[in-house]
Structure formats: C-alpha cells, structure tokens
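**Q** Two independent chains are provided; combine them into the complex using the hints.
Listed in order, the protein sequences are those of chains A and B.
The opening residue of the first sequence carries number 0 in numbering that gives the first Met the number 0; numbering runs sequentially from there.
The opening residue of the second sequence carries number 0 in numbering that gives the first Met the number 0; numbering runs sequentially from there.
Honestly, I wouldn't trust all of these hints.
[Said to hold, decoys possible] Cut-off 25 Å, straight-line C-alpha distance, at most; resulting in silico cross-link-like pairs (DSS-like, lysine-lysine):
{"#": "1", "chain 1": "A", "residue 1": "Lys313", "chain 2": "A", "residue 2": "Lys193"}
{"#": "2", "chain 1": "B", "residue 1": "Lys102", "chain 2": "B", "residue 2": "Lys136"}
{"#": "3", "chain 1": "A", "residue 1": "Lys196", "chain 2": "A", "residue 2": "Lys260"}
{"#": "4", "chain 1": "B", "residue 1": "Lys102", "chain 2": "A", "residue 2": "Lys193"}
{"#": "5", "chain 1": "A", "residue 1": "Lys63", "chain 2": "A", "residue 2": "Lys85"}
{"#": "6", "chain 1": "A", "residue 1": "Lys162", "chain 2": "B", "residue 2": "Lys112"}
{"#": "7", "chain 1": "B", "residue 1": "Lys112", "chain 2": "A", "residue 2": "Lys313"}
{"#": "8", "chain 1": "B", "residue 1": "Lys136", "chain 2": "A", "residue 2": "Lys57"}
{"#": "9", "chain 1": "B", "residue 1": "Lys102", "chain 2": "A", "residue 2": "Lys57"}
{"#": "10", "chain 1": "A", "residue 1": "Lys63", "chain 2": "A", "residue 2": "Lys196"}
{"#": "11", "chain 1": "A", "residue 1": "Lys196", "chain 2": "B", "residue 2": "Lys102"}
{"#": "12", "chain 1": "A", "residue 1": "Lys193", "chain 2": "A", "residue 2": "Lys141"}
{"#": "13", "chain 1": "B", "residue 1": "Lys102", "chain 2": "A", "residue 2": "Lys313"}
{"#": "14", "chain 1": "B", "residue 1": "Lys220", "chain 2": "A", "residue 2": "Lys430"}
{"#": "15", "chain 1": "A", "residue 1": "Lys260", "chain 2": "A", "residue 2": "Lys235"}
{"#": "16", "chain 1": "A", "residue 1": "Lys193", "chain 2": "B", "residue 2": "Lys112"}
{"#": "17", "chain 1": "A", "residue 1": "Lys85", "chain 2": "A", "residue 2": "Lys110"}
{"#": "18", "chain 1": "B", "residue 1": "Lys232", "chain 2": "A", "residue 2": "Lys430"}
{"#": "19", "chain 1": "A", "residue 1": "Lys141", "chain 2": "B", "residue 2": "Lys102"}
{"#": "20", "chain 1": "A", "residue 1": "Lys235", "chain 2": "A", "residue 2": "Lys268"}
{"#": "21", "chain 1": "A", "residue 1": "Lys63", "chain 2": "B", "residue 2": "Lys102"}
[What the hints assert, rightly or not] Quick list of the computed label-pair ranges, beta carbon to beta carbon:
{"#": "22", "chain 1": "B", "residue 1": "Asp187", "chain 2": "A", "residue 2": "Ser112", "range": "53 to 59 Å"}
{"#": "23", "chain 1": "A", "residue 1": "Glu150", "chain 2": "B", "residue 2": "Asp118", "range": "34 to 40 Å"}
{"#": "24", "chain 1": "A", "residue 1": "Lys430", "chain 2": "B", "residue 2": "Asn13", "range": "19 to 25 Å"}
{"#": "25", "chain 1": "B", "residue 1": "Asp187", "chain 2": "A", "residue 2": "Phe462", "range": "23 to 29 Å"}
{"#": "26", "chain 1": "B", "residue 1": "Val144", "chain 2": "A", "residue 2": "Asp92", "range": "33 to 39 Å"}
{"#": "27", "chain 1": "B", "residue 1": "Val38", "chain 2": "A", "residue 2": "Glu150", "range": "48 to 54 Å"}
{"#": "28", "chain 1": "A", "residue 1": "Asp60", "chain 2": "B", "residue 2": "Asp187", "range": "34 to 40 Å"}
{"#": "29", "chain 1": "A", "residue 1": "Leu222", "chain 2": "B", "residue 2": "Ser109", "range": "27 to 33 Å"}
Keep in mind the hints are simulated off the structure, nothing from the lab.
Quantities reported herein were computed from a predicted structural model and do not represent experimental measurements.
Backbone N, C-alpha and C define an ideal beta-carbon position, used for all residues, glycine too.
Here is what each chain is made of, one letter per residue.
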Amino acid sequence: MYKLSTSRVFLILAICAVGIFFAVPNMLKDKDSLPKWWQPVNLGLDLQGGSNLLLQVKMDDVLKERMSTIEDSVRQVLRDNRIRYKNLQANSDGVTVEIENAGSRATAISKFSKIDDGLEIVEDGNNVITIKYSDFAINQLKAKVVDQSIEIVRRRIDELGTKEPVIQGQGRDRIVVQLPGLQNPEAVKVLLGKTAKMSFHMVDSRSTAADARRGMLSSSSRLVSGDGGTYVISRKPVVGGENLIDAQVAYQDGSPVVSFKFNTIGGKKFGEATKNNVGERLAIVLDNEVISAPTIQSAILGGSGVITGNFDVKSANDLALLLRSGALPAPLEVIEERTVGAGLGADSIKAGVFASIIGLICVVLFMLAAYGLFGLFTTITVFINLFLMLGVLSIMGATLTLPGIAGVILTIGMAVDANVLIFERMREEVKNGRSTRDAADAGFTEAWRTILDSNLTTLVAGFVLFYFGTGPVRGFAVTLTVGVLTSMFTSVTVSRLIITYWLNRFKPKKLPI
Amino acid sequence: MKIFNWVTKDTNFNFMKAAKPTFIVSTLLVILSFVSFAVKGFNYGIDFSGGILIEIESPEAIDAESLRKQLTEVKLDDLNIQSIGDSGQEFMIRAQAESLDEKAQMAAVSEIKNVLGSDYEYKRVELVGPQVGSELKRAGLLASVGAILAISLYIWIRFEWQFALGAMIGLFHDLIITAGLLSFFHLDFSLTTVAALLTLAGYSVNDTVVTYDRIRENLQKFRRMPQTDLLNKSINDILSRTILTGLTTLLAAGALFIWGGDALRSFSFTIVWGILIGTYSSIYVCGTFLNLFDLRAAQDDKNINPFGNVD
Chain A
0 MYKLSTSRVF LILAICAVGI FFAVPNMLKD KDSLPKWWQP VNLGLDLQGG SNLLLQVKMD
60 DVLKERMSTI EDSVRQVLRD NRIRYKNLQA NSDGVTVEIE NAGSRATAIS KFSKIDDGLE
120 IVEDGNNVIT IKYSDFAINQ LKAKVVDQSI EIVRRRIDEL GTKEPVIQGQ GRDRIVVQLP
180 GLQNPEAVKV LLGKTAKMSF HMVDSRSTAA DARRGMLSSS SRLVSGDGGT YVISRKPVVG
240 GENLIDAQVA YQDGSPVVSF KFNTIGGKKF GEATKNNVGE RLAIVLDNEV ISAPTIQSAI
300 LGGSGVITGN FDVKSANDLA LLLRSGALPA PLEVIEERTV GAGLGADSIK AGVFASIIGL
360 ICVVLFMLAA YGLFGLFTTI TVFINLFLML GVLSIMGATL TLPGIAGVIL TIGMAVDANV
420 LIFERMREEV KNGRSTRDAA DAGFTEAWRT ILDSNLTTLV AGFVLFYFGT GPVRGFAVTL
480 TVGVLTSMFT SVTVSRLIIT YWLNRFKPKK LPI
Chain B
0 MKIFNWVTKD TNFNFMKAAK PTFIVSTLLV ILSFVSFAVK GFNYGIDFSG GILIEIESPE
60 AIDAESLRKQ LTEVKLDDLN IQSIGDSGQE FMIRAQAESL DEKAQMAAVS EIKNVLGSDY
120 EYKRVELVGP QVGSELKRAG LLASVGAILA ISLYIWIRFE WQFALGAMIG LFHDLIITAG
180 LLSFFHLDFS LTTVAALLTL AGYSVNDTVV TYDRIRENLQ KFRRMPQTDL LNKSINDILS
240 RTILTGLTTL LAAGALFIWG GDALRSFSFT IVWGILIGTY SSIYVCGTFL NLFDLRAAQD
300 DKNINPFGNV D
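Excised from the complex, chain B in its bound form (with noise of 0.2 Å):
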C-alpha cells in the first residue's frame, strides 16, 4: 500500500547554507509589500468600504453593453459592471460610493431591480451601510490585532526570547507578503479574507512551533554539535512531518479552491498560498533567524531574565 518511499527517508539538506539568498527573498518581498500597501493600497469589499453589490443571472448570456445602458437609468456615478463566471449569464452590479447612505443605498437596490425587471435571477444582494462598513472594518482590525497578540503572548510564554521573536518575525512575515499579495493583485478584501488570515496565522506559528520543539529538544540531546550542523539536523528531523502535513492541508485548500465555488475563491486562495507561505518561513525566516543567536549560551542562563542582563 505503501507508495511514498521519500517520507520515511532520512534527509540532510544544508538549510542554512541559503539562509542568505532567502534572506534577501524575504526582505525584498516584504518591502514590495509595503510599496503595494502605499501604492496601490486594497481593494476592499463591500464589507468594509460600504456599498450595494447585486449578481445577477439570465438563462442567456447577458450583453453588457445593454446592461450597462439600461443601468445608465440608475442615476449612480459609481456603478461597476463585471461578468462573473465564464457563462457570460452571470454579471455582478457593484456601487461602492462613498457618498452613498443608508436611504440612498436602498432606493438604489429597488431601482436596480425596477429598471432590470424580472428577466433576471438575483442571485445574490447585499447592502452595506457606511456605518456598519466601517465597523465591520474596526471588527475586523480588532480581530486580527486580537489574534496576533494572543499567538505572540502564547509564544512568549512558551519559549525562551530568541524563539518568540523568532516566530513573532515569521509570522509578520507571513501576514505582510500575503497581504501584499492580496494588494498587489487587487484581490477581494474582505470578513471572510481576514478569516483566511487569521488561519493563515494559526497555520503558520503552528508549523514554526513543531520546529522549534525540535530544536529545543536536540539542544537538549546533542549538546556538542556545532549550531548551524544543529539547526539543520533539526530542519530535516522533521522535514517529513512539514512536507506530509503542508501537502494534506494544501491537497484540502487546492480542492477548495477549484471546486469550492466562486464565493470561497480569494478565501481559499489565501489559505493556499498561506501554507506554502508558512512553510517556507518556519525553515527560512524562523529557523535561519535562530541562528544569528547562541542558543546554548541563552539555554543555559534560560532563568536569568533576558531584559536584565544586557551586559
């Protein structure tokens, strides 16, 4: 039944020899991140910036030229048209003016309607006020600040301080370039995007918290062995368990992601590119960081308080 012979095979790659390289991988991508940020900024959903959203579904493709001239009726300046799918049955109807409240959203819904009639499935309708969008976005924020800070205090408790900020490292990271990602390709952000981050963060400290165990533990074991040997016996002690681990959660994702349907798209996503993500950094930016440290010396005084002997 047994297919796979490399999973039970022992390995004994030099990680750290492209600790550098990655290193500048790392930064570089970090710091397209934030240009991303700047530049092009996010583009929020409905969520989070307020607005209607309307999908639409005819048993015929639908002409968006003359969509788009019967929508000319609505007198809304934001409107944005988008076929979905690739049946060109399905369009989606988008509003995101600011300027636009609660009264004026709904008005514009049931206009929307009246002008298309009946000929037309909606599929789906959504109405966010400005004031619920913003606090869905402050919720949101909250969320994510809340669960950040509750992974690094749970880091912090558990490991000695070059560990914690080791993780903490990897997992800004990982939220950084992703989030980068997101901005750059002007995916979707919205509730369900920050979910996929908040996964994407449990995901990704978790990996690094099985290899640092590792690494822990054989400090304990091989007390002679030289570090950088340590932290590569350690890498590869488990590279097994992170490969099987990311494949089966990838294969899961992956069939999210194809089958799962449109609405889970840029979700799913996330997650997917999460885990490769979060893989990679818990070997190249949570271990290769560890390195930069004397680990034996910072075991052996593990009771002194790191913030009292500077000396």
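The shape of chain A in the complex, shown without the other chains (with noise of 0.2 Å):
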C-alpha cells in the first residue's frame, strides 16, 4: 500500500513550494524592483512588441578586399624583384597570377608567403600560382569579423539609447538584434545598413576626373564620386577613421557640422600632411563616397577638425553617430525583420490569457460533472501544475511567447489525461471487486506505464520542436515540454497525496467514481 511518509510528503509539497515561490512574480504588479534571482518570465517580442533583426554579414566584401590588398602587395613584391608576370586578379576566393619563368616562380612564392600569415600558395601545373587563405585563416577572419561586427552594433545601437536590446551572434556569419519595445526600425536597419567606412585622401590636383576617365589614371589614384562631383583621390588614405576617438555635432555659421578627434597617431599624421599641402585639397570619404573635399588653409595641429557638408541636423546627427561606434568590418544586410507594435502585443497577452481562463474554467467544470469529489481534487492539481509551470519557466529564464501561451492552454487540456487514465481504472478495480484503498492503489500503479508513455510520445514532438524551431516556435515547444513534465508530477504525485489523505482521513466506504 501506498505509504504517506513524512520524508516523501515533505518533499512533494517542498517541490509545490518552490514552484509556487518561483511563480509569484508573474502576478506581481511591481515587477522592476525584485531581485535578479526572483524575476517573472521573460515575454517575447510577440507579446511586449518590439523589433527583431537578423544580420547577415556580407563576408565576400570582406575576403575581396582582403584579397584586393594582397593583389596590391603581390605587384609590389612582382616589382621589387623584377619578375614579369601576366594576368594578376583577385576575387574573393584568391589572387591568381600567371609567371612563365621557372626561377622567377620560385623566388615569387617564396616572397609571396611572407606576406600575411595563413596564406597559402598554390602553384598550378600551367604556371599560375593562386594565393589564397587558408580555411583554418579564413574561418579565424570569419569569427573575429562576426565579432567586430556585434561590438559596433552594440555600440551603435546603444547610442540610440534603446532599453535593454539583445545583440548576438547566430551561426557563422549572423547577428540577431532584439529591440524590445522598439515600433519602427527603420532608422536603426538604416543605421546598420551603413559600414561608416572614413577616411581622408589627398585630391590628386595632377590630373582631372575627366583625365581619369580616359584611361591616364595613375596606378597610386582612383577615382570616387560624391558631393557633386567626381574626384581623383590618392589611393592611400592619409589617416583612416580607426583613429578618430571622438565625433560630435556641432555647429558653424547656424548650420550643423560634424566635429571630429583623432587620437595621438591619427592627430600626428593628419597634422603632417595638412602641414605639407596647404593650398592642397583633402577629401573625406566615407563609404566610398565624398563627403566633402575643402582646401587646406593651414596646418591644423590639434588632431582634430570639422567636417563640412550638406548636412541637415539629423544627416550630421548620424555620420557623429557612426563615426564614434565606429566602422563595421563588413558590410550587414537585414535578411529577415518582425517588428510587433506594443498595442498587438497587448491584444495578443489579453486574448492569450483570456483564452487560457475560459479553457481552465471550462476544463475545470467539466471534470467536476464528470468525476464529483475526484474532479475536484483534479482541479486542485490542475492549479498547482498550472503554477509549477509558470515557476519552472521563470526560473529557467524561458521566453514566453504566443504560441507559448497556446502550449500552456494545450497543457491543460492535456494533463487532465493521466487523472482521467488513473480514474477509469480506478473505477474498474472497483468493478472487479477490490477494495476501495487497493483499488485507488491499483488506479495510480496500473495507469503510470500509460501514463509515462502517451506522454512520452508528445514530449518527443517537443524536443524536436525545440531543436529545430526558431523565435515563437522554440516558445511553444519549451512550454509544451516543461508543461507535459510537470503535469505528470502534479497529476501522478500530488493526486496521489490528495486521494491518500482523504482515503486516510475519511475512510469512505466506496470510491465516488
């Protein structure tokens, strides 16, 4: 017989107690001043509103222009030796370059090897050597690019002072950004859309755009477009924006301007080549455009200066913005956006909860008419269960989400299951002529292998569930496992109490089943 020791009662209701304990701050109005360990269930950005951005980093840019610079130190190192060569290209898998001298090919990868580390050189049997990174290099760049990347999201969408946002990566070459509360993104995609590559580059007043464009651009000049026009700019930037330390609005003649401060190498470079071209125009880059290209009036030693430009306050306000969170490694696109409004999200908690109340009272009254006294003590385990749920979920700092809530409802309905399982049987120990206490025993023992196995069936579906769903999926399947766990406790354990108890205490003559 079923024994109610102390030790196994003081445990189940211990179990009950913290579960409970745990659930309590769900139903707290005040909710921001509980301690760390003692917080409610996370909602889901389907339930408080709110923006979701998933980022891929363009990583191709990054390995062609990795690649391009190493096309540039190839020719150099090409020149230096005095090798000739034909066919010198570089995409973002490798640089290819074709040497039809024996001997010239060999000094050449032995020189091409000290260029970077990781590199590796290929030497085909047509006399074209590939350079190119090796995967071990390619997925260490790879990382410390993602890594980058999440660093200056975080720093750029902190400035705009967002409350609690989320910023992780996901995958290789993904960054998740989760802006609770957030109802229109588009300011921050467009903030995140751009690199905020800077730099500043010498006008090459030699030659024209118009000179370039018919072919006598020197191999040390490009050509990039931008604030009205198009510009013969040296290669070789004069200091880049990885020195900047500080970049702030400000304003000159009324209108506003972006003021700038480069750090101690930065200030020192930038001061010497103002001081070697005065009269010399600088063009400031940013992205591959032109921001705006003035003459140098004099030497400005300070490290630091001002950016002019068509710039209203709000355009000033965002390049001040990306200057200081500085530049992104690569290039991010938006390849999947949810944004909820706070207003749905509402609807969504009160319909939610609505639902969840009107299938407990319905499934709560319905095992009352069906079973009476046991369908009471049902109802009594249907709560406990309902707040070892919340509880298990809060503590396991769970994100609660729509179709998290249909997998509590669903629970409900569901965990009424093993009671009905133990009941029926119950009743037809009865039938057979047992006892009343054998026969509540044999209820309880009979109906567990059942039990255990048609819940075993819908816990599958949920690790499943779990493992390959994404956002308000993964909800619905962390509630729906953790619900069908905890109701097997409550309906298998704390029934058993229940029914223990009063069999103990009233000694009734016959089951009311």
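**A** The following block contains the structure:
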C-alpha cells in the first residue's frame, strides 16, 4: 500500500512550494524592483512588442577587400624583384598570377608566403600561382569579423538609447538584434546598413576626373564620386577612420557640421599631411563616397577638425554617431525582420490569457461534472500544475511567446488525461471487486505505465520542435515540454498525495467514481 | 456534483462493424488530400516563401480602394491587400514576389511606410528574405521528419510490429488529411502550422498508444475471446477516457480558437481538427487495422523476429 511517509509528503510539498514561490513574480504588479533571481518569465517580442532583426554579415566583401590588398602586395613584390608576370587577378577566393619563368616563379612563391600569416600558395601545372587563405585562417577571420561587427552594432544601438537590446551572433555569419519596445526600426536599419568606413585622402591635383576617364589614371590614384562631382584621390589614405576617438555635432555659421578628434597617431599623421599640403584639397571619404573636399587653409595640428557638408541636423547626428561607434568590418544586410507593435502585443497577451482562463474554467467544470469529488482533486492539481509550470519557466529564464501561451492552454487540457486514466482504472478495479483502498492504489500503479507512454510521444514532439524551431515556435516547444513534465508530477504524485490523505482521513466505503 | 452519468457507464458498441465504411472514407480522404496537394498546393506564409507582410490599423474604417490606389505608388508586382477582422479598420499588406531580394524587400517596406505615412498604426511588420525563407522551410521539414522518425522509433521499440505499423498508419493518416485540409481551404501554412502539426502528431500517437496498451493487456487477460470482440471490448473499456480526454483538450483548444486572437487562429484550428481526427483514427484506423492480423499468434511468437519467419 502507498505510504504517506513524512519525508515523501515533505518532498512533494516542498517541490510545489518552490514552484509556486518562483511563479509569484508573474502575479505581482511592480516587477521592476524584484531581485535578479526572482523574476517573472520573459515575454517574447511578439508579446511585449518590439523588433527582431536578423543581420547577415557580408563576408564576401571582406574577403574581396582582403584579396585586393594582397593583390597590391603581390604587385609590389613582383616589381621589387623585377619579375615578369601577367594576368594578375583578385577575387574573393584568392589572387592568381601567371609567371612563365620557373626560376622567378620559385622566388615569387617564397616571397609571397611572407605577405601575411595563414596564406596558402598553390602552383598549378600551367605556370599559374594561386594565393589564398587557408580554411583555418578564413574561419578565424570570419569569427573575428562577426565579433567585431557585434561590438560595433552594440555601440551604435546603445547610442540610440534603446532599452535592453539583445545582440548576439547566430550561426557563423549572422547577428540577431532584438529591440524590445521599438515600433519602427527603420532608423536602426538605416544605421546598421552603413559600414561607416571613413578615411581622409589627398585630392590628386595633377589629373582631372576627365583625364582619369580617358584612362590616364596613375596606379596610386582612384576615382571616387560624391559631393556633386567626381574626384581623383590618392589610393592610400592620409589617415583612416580607425584613428578617430570622438565625433560630435557642432554648428558653424548656424549650420550643422561634424567635429571629430583623432588619437595621438592619427592627429600626428593628420597634422603632418595638412602641414605639407597647404593649398591642396583633402577629400573626406565615407563608404566610398566623398562627403566633402575642402582646401587645406593651414596645418591642423591639434588632432581635431570639422567636416562640413550638406548636412541637416539629422544627417549630421547620424554621421557623428557612426563615426563615434566605429566602422563595421563588413557590410550588414537585414535578411529577416519581425516587428510587433506594443498594441498588438498587449492584445495578444489579453487574448491569450483570456482564452487560457476560459479554457481552464471549461476543463475544471467538465472534470467536476464528470467526476464530482475526484474532479475537485483534479482541479487542485491543475492549478498547482499551472503554478509549477510558470515557476519552472521563470527559473529557466525561458521566454514566453504567443504560441507558448497556446502551449500552456493545451497542456492544461492534456494534463487531465493522466487523471482520467487513473480514475478510469480505479473504476475498473472497483468493478473487479477490489476494496476501496486497493482499487485506489491499483489505479495509480496500473495507469502509470500508460501515462508515461502517452506523454513520451508528446515529449518527443516537444524536443524535436525545440531543436529545430526558431523564435515563437521554440517558445511553444518549451512550454509544451515543461507543461508535460510538471503535469506528470502533479497528476500522479500530487493527486496521489491528496487521494491517500482523503482515504486516510475519511475512510470512505466506496470511491466516488 | 457529478452531472454526467454516461462517463461512468459501461458501453458495448460494435466498433468493428463500421470498419469497412470508415476504411473507405479514410482512404478517400487521403486520396483527396494528395489530389489537393497536387492541384492546389499550399498557401505558404512568408515564413517559407519569403516576402513582406505589414498589418496596419487606423482609428477609422479603411477604404480598401483608396488604400490600393495609394499603394500603386509602390512599384511591386505582387502586392496583396486584405482586410482582417470585422472592424474594417485593419488591413494586411503582403508581397511574396520571389524575385524580391533582401535589399528590395527592405526598400519596399520603407517605401510602403513612406507612402502610407503616419495615419496608420503599424501593428506588425515582417520581412523574410528568400534565403531565410528557404532555410526555415528546410528547418520545418527537418523538424517534421525528425519528430515523425523519433515517434516511430519509439513505437517500434515499444510494440510488436503489427501495432507499430498500425500506429504509423494512423499517424500518417492524421497528418496527411490535416495537411490536405489546410491545402484545400488554402489556409496559411507557416512555422506555427508545423508546430501545430507536430503537436497533433504527438496527440494522435498518444491516443493510439493508450488504445493499444489496453488491447495488449486484454489479449493476455482474455485468452479465449474472439479477436473482433476483444478489440471491441478494449475500445469500449477506454471509451470514456478517450472521450473525456478528447473533450477536455478540445475545450482548451476550442477556447484558444475562439478567443485566442487572429495570430493563433490557424494554429488552434489545426489542433482542434487534429484532436477530432486523432481520436477517430485511433479507433477506426489503428484499431481496425489490427483486425487484419491474428494478434494472438503474434503475441505467442513475440520473441521471434518478425522479419525472419516469412513462411
């Protein structure tokens, strides 16, 4: 016979108490002042409103850029060593060059390997040398680019003052940005869509854009458009944006400008360049576009300056923010967006909670009508289950989504199955002539196997959904799985405790089923 | 307090008598489902197809015509406008053009917002790039296949092969007909639909397992009873449980369907339907299927590998 040993009763009650204790924060009005370890369950963005962005880090661009740098180095190496070559090409996979002379080829290969760590140099049978990064180096580069991107994205979003943003990597080359409460992420998308690579270049005063178009462009210069024209600028920047330490909006003659400040190295380079080129023009290039190209009036030695351009207050603000938070190592692209207005989120919670309550009432009334007193016992376990579920979800720090609420309701409905199985079994045992107490005991022990069996299939579905699902579906999988587990505990253990207590206390002649 | 008496009443229905007509109905429904897959296909939501979806609300009723006219400014081939709810104040704008890449989608969203201005509240904005869409499709498919495989594995370990086969047939029967229904009525097929289908799979097998457990138990207990009677008795034995559990889950899912809001409508519809068909199939597909075999003989040589003795 089932014994109500003190330790067993204590354990069961303790589990219930702990569960209920951790469920309590969900019921409180003032949730902000609660300690960290005693928090309500997190609400998904589909319930609290907000924006979820999935960003793709465009690795190809980084690789292409890397390879074009390597191409430059390769050209330099070949020139320095007076090696004849042809078909020097770079793409995102690697750099290829053809060298006919076998001796020069060997020299070249030995020099190429010194260009950068992690380079692999392969020679095919047709005099062509391919220079590329090893898979290991590529993966390291990718990981570094993603990490840096996350950092820059975080800085930009922090500047916007969004509350509690979540920014994390996903997979090998993606970043998830969650912005609770943000209704219109257009501004964020625009900000994140800019790499904000800034550099200062000298404008080549010897050749004009027209010359360049005719093919008279020296290899140390390039053509860049912007600020209402096309400029020939030096390929090599005077100083790059990585040396910037601050940028702010300022006003000059009543119109907004962006003031900036370099670190020591940057300031020194900038000072030297401006000192040596008074009277020349300096192009300020942002993401391959000239913002402005002022003429240097005098040496700028303080390490700071201003960018004037066609700014309004907003664009000046944006540029200052971008420069302050630094350039992204790779362009980002929004490949998925899910934004839910706070109003819709609140409506969803209301509808979900309302449906849950109605569902709960229906189930409870139904069980009472079907089983009477035992239905009442079931009701108690259903409520304890609800608290336990909330408690476990809160302890886990799980996120409750709209489909998650659906999971709660469904488990309420399914959880009584265990009780039904038990009660039906008891009824049969009574019919087979067993005594009240034996029948009650047998009901639990005989039904247990079936309960375990039938719940396992739902658990399997839950686990798989959790593993493969994303976002809201995962939320559903979590509540379904947790709900099935807690319901097995309440409808078997807690029910048994209640019924055994009732049998001991009232010593009924027959079971009310 | 107790109101229903039928719950505790012993029943004695002859379920096996209806084996033939229900077999015909089930087979027909499965065939029709396949026809619908082929002819009508699925109404994939943007989760799977990729695209943009915007839900707007206005304090006053929105005139569909003028909204449409406004949106012609946005150069999109496949712009779908649809009223949601009964108020006439909420509209859904959807574009699923396959040709839209991520950049074009982003541009389209901001253009639509520009054109519509601030007269509307944007209740929901979703953008799924084509790449993400196909990935989600794959994830959904993997989840479904994974869940079905895992459940099947469990059934094969747990039961003799006739039972396992019966449970699998029941499972596929339910999934196919439900998917057929979604296809036929052109209901939105999204990630949450996949979740609903897998929940349905769990429930359906759950119900079958309970039925089969009882059949196995009775096979041991009543060694002389003719098989058809025994199957009938087993189903009758647990009929009250089948109905009670079905009804409570149905009540919960029904509440969700009626009051749970638009976002969960197709999800809860699938669940409600799934409970009905899952209950039906565990009696009329899984139960009647077993009658094709001599279960007692199977039970007796339970320990012999079923694939080893074909003679």
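**Q** Are lysine 196 of chain A and lysine 260 of chain A close enough, with their CA atoms no more than 25 Å apart?
**A** 16 Å, holds
**Q** Taking 48 to 54 Å as the hint, is the beta-carbon distance of valine 38 of chain B and glutamate 150 of chain A inside that range?
**A** 52 Å, holds
**Q** Hint check: lysine 136 of chain B vs lysine 57 of chain A, CA-CA at most 25 Å. Holds or violated?
**A** 22 Å, holds
**Q** Does the Cβ distance between aspartate 187 of chain B and serine 112 of chain A fall inside 53 to 59 Å?
**A** 57 Å, holds
**Q** Given the proposed pairing of lysine 141 of chain A with lysine 102 of chain B, does the C-alpha separation stay at or below 25 Å?
**A** Holds. Lysine 141 of chain A to lysine 102 of chain B sits at ~22 Å (cutoff 25 Å).
**Q** So if I understand the rule, the pair passes when the alpha-carbon distance is 25 Å or less; does lysine 63 of chain A with lysine 196 of chain A pass?
**A** Holds, at about 16 Å.
**Q** Is the straight-line distance between the alpha-carbon of lysine 102 of chain B and that of lysine 136 of chain B 25 Å or less?
**A** 21 Å, holds
**Q** Going straight from one Cα to the other, do lysine 235 of chain A and lysine 268 of chain A come out at no more than 25 Å?
**A** 13 Å, holds
**Q** CA of lysine 220 of chain B to CA of lysine 430 of chain A, is that 25 Å or under?
**A** Status holds; Cα separation ~16 Å.
**Q** Could you say whether the range 33 to 39 Å given as a hint is met by the Cβ separation of valine 144 of chain B and aspartate 92 of chain A?
**A** Since the Cβ atoms of valine 144 of chain B and aspartate 92 of chain A sit about 34 Å apart, the hinted range of 33 to 39 Å holds.
**Q** Does lysine 193 of chain A lie within 25 Å of lysine 313 of chain A when you go C-alpha to C-alpha?
**A** Holds, because 15 Å separates the two Cα atoms, which is no more than 25 Å.
**Q** Between lysine 162 of chain A and lysine 112 of chain B, does the CA-CA distance stay at or below 25 Å?
**A** Cα-Cα ~24 Å, so holds.
Hint violations for this structure: none, all hints satisfied.
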